[in-house]
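S.K.: What follows is each chain in one-letter form.
Number of protein chains: 2
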Amino acid sequence: MKAYNNTTYSILGILTTGCKSGYDIKQLMDQSLTHFWKISYGQIYPTLKQLTENELVTVTNTSQDGKPDRKEYNLTQKGMDALKNWLTQPVEQLPVERNEVLLKLFFGRHQLAEQTLMQLEDYKSKLEQRLQTYHMIAQSIQTHHENDPDSKYWLFTLDYGKRITSSAIEWCQATIESI
Amino acid sequence: MKAYNNTTYSILGILTTGCKSGYDIKQLMDQSLTHFWKISYGQIYPTLKQLTENELVTVTNTSQDGKPDRKEYNLTQKGMDALKNWLTQPVEQLPVERNEVLLKLFFGRHQLAEQTLMQLEDYKSKLEQRLQTYHMIAQSIQTHHENDPDSKYWLFTLDYGKRITSSAIEWCQATIESI
DNA sequence: TTGATCATGTAAGTGGTTACATGATTAT
DNA sequence: ATAATCATGTAACCACTTACATGATCAA
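Protein chains in written order, with full-length UniProt numbering: chain A, 1 to 179; chain B, 1 to 179.
These are computed hints drawn from the structure, not numbers from a lab. Source: prediction; values computed, not measured. All clues stand as given, with none of them false.
Copies of the same chain look alike in the list, so a pair counts if it works inside one copy or between any two.
Computed list of lysine-lysine pairs in BS3-like fashion (alpha-carbon distance at most 27 Å, straight line): (1) K162 <-> K38; (2) K84 <-> K124; (3) K84 <-> K126; (4) K38 <-> K124; (5) K67 <-> K26; (6) K67 <-> K20; (7) K126 <-> K38; (8) K71 <-> K2.
Whenever a hint applies, use it, and build me the whole structure from the sequences.
M.R.: Okay, structure coming up:
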């Protein structure tokens, strides 16, 4: 079985959630996976084309009233198998976050303390915004997707985001105080 | 002033810490910045070349006894200015971590509970290892770099790593228990 | 003599973003 | 009319990793 990259599997996975078009996929990505996986149309459309060629999905042109035509993609058995097989594969290594704030802080000696503080304050407020967003998404899942079989797992990933973001905020505060 | 990417500035920054060669830079990266910035020789050497051409650094061929020849790079005034200017620039957006474990968990509905648990256990143990490493690095900085003017900032970034990793471990445990 | 460490570099390939290009439909 | 949303796609470019290539020096 050909090995695809994680982004390709993420698209395959999203096709199991009711999203059918490239546009749908982007929407869901931006709403739900945005804190740990983010992709652009420049990846989505070519990938869907490739998945079609490799028969992991089928495509149908559909017309809707009130909206432009679109293409609906559906997983084939082969596609579902590929997804499930990927899910069983152990994750080989921890992800490396690239954090520009930490990078700048690392060289903080060459900066005025005020400037460092400003960076940290700014970072903190962005994190607080993000935390807010996570709370809102969690709320929305609990109300609108109460019976969705996926919701349990979606809330797990959101919980991760909330915990990580909270401790990053705490770190900001602690660092600001001790600079 | 030409805009470089963060990786280029990270190299510029490391050249202020006593590291002088491409090899040195890689060593320090792997020891200290590895949890929030990681680069390969494939980036380091071409970047050093470019920085030399643009006169942000100067290069000297030096021979050492007991070790092969090497090239020593030193920041010019122009290079130091570029670094400091970059440090003042606000960070425009939060980094997006790409987390394969979360991605798989997001599609956990298509997996057996045992499998999900195994992934989480595995992730947790990798995180615990990482946390251990952070503690050791912090210790080593406190003993070997006590008077280093950079150490304060290095410990800040390590503290970030420790906090984030700890809460990720807690999340793993909580999720394992509620799956 | 062989493996570890020190040291520098390139080429091919992958993965990804951004900007661009197009066009339908609907509400204002 | 015109802006917003829905919808699909490509081309140029950037960033990065991996594999490859080379070679010095030293300790076991």
